[in-house]
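J.: Work the whole structure out from these sequences, hints included.
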Amino acid sequence: ITSTRPCPSSSRLHDWPGYSLDLFTYPEHYHDDIESVYIPHGVIMNRTERLAHYIMNDFQDDNIMVLCVLKGGYKFCADLVEFIKILGRNSNKYLETRVEFIRLKSYLNDQSTEDLHIIGCQDLSFLRGKVCDFDTGKTMKALLKHVETFEPKMVKVAGLLVKRVPNMAESLTDYVGFEIPNRFVVGYALDYNEYFRDLNHICVISRTGKMKYKI
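Using full-length UniProt numbering, the letters of the sequence shown map in sequence onto residues 1 to 215.
None of these hints come from the bench; they were simulated from the model.
Note that beta-carbon positions come from the ideal geometry of N, C-alpha and C, so glycine has one too.
Have a look at the derived ranges for each label pair, beta carbon to beta carbon:
1. 193 / 21: 14 to 24 angstroms
2. 91 / 47: 13 to 23 angstroms
3. 150 / 25: 40 to 50 angstroms
4. 149 / 211: 37 to 47 angstroms
5. 53 / 215: 37 to 47 angstroms
List time: in silico DSSO-like cross-link candidates among lysine-lysine, alpha-carbon distance up to 30 angstroms:
6. 85 / 71
7. 156 / 85
8. 71 / 210
T.: Have a look at this one:
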């Protein structure tokens, strides 16, 4: 089954309205809470696998310390690391990968002294369903500055979503999954007040959903 409006093949989603909900399965309790499926789970997996290829090519045989920013980034991080491991098993390259989960306000971990780091997060403008200063890069800059104090060999940032907003933080992101308009999206671990994390797809929240789960 295909939509009459295929999702853009590019990682840049401009005025893409999303797929009809009739084409997908999703938790019934969100029936009136989402407008459309913006990025299907399969497309997310395909793009994440491509990012894993880029990482494998860039890092060669170095070890990687992956810092996953909670909570919205854990699914993207887990899938990205799994693809890296699969690619390593299917090739003559092997990247020893270690993952640590961090919260931005409490990152004081002295174990970040590996030779190589990747900072992994999911959405560079929303965290836990609320707008944060990833839009301008302020938070990410602070985190990167802290990591640099451990003098790593290399620091790279991977983000699944970068939103096109004024002064957006795209320049801080080395591996971008999708560049999207400034739309309120949920799912794939992105939440709105702790709801919608159980959606496999990235979806556009409806006005009803915003009102229902508003605090």
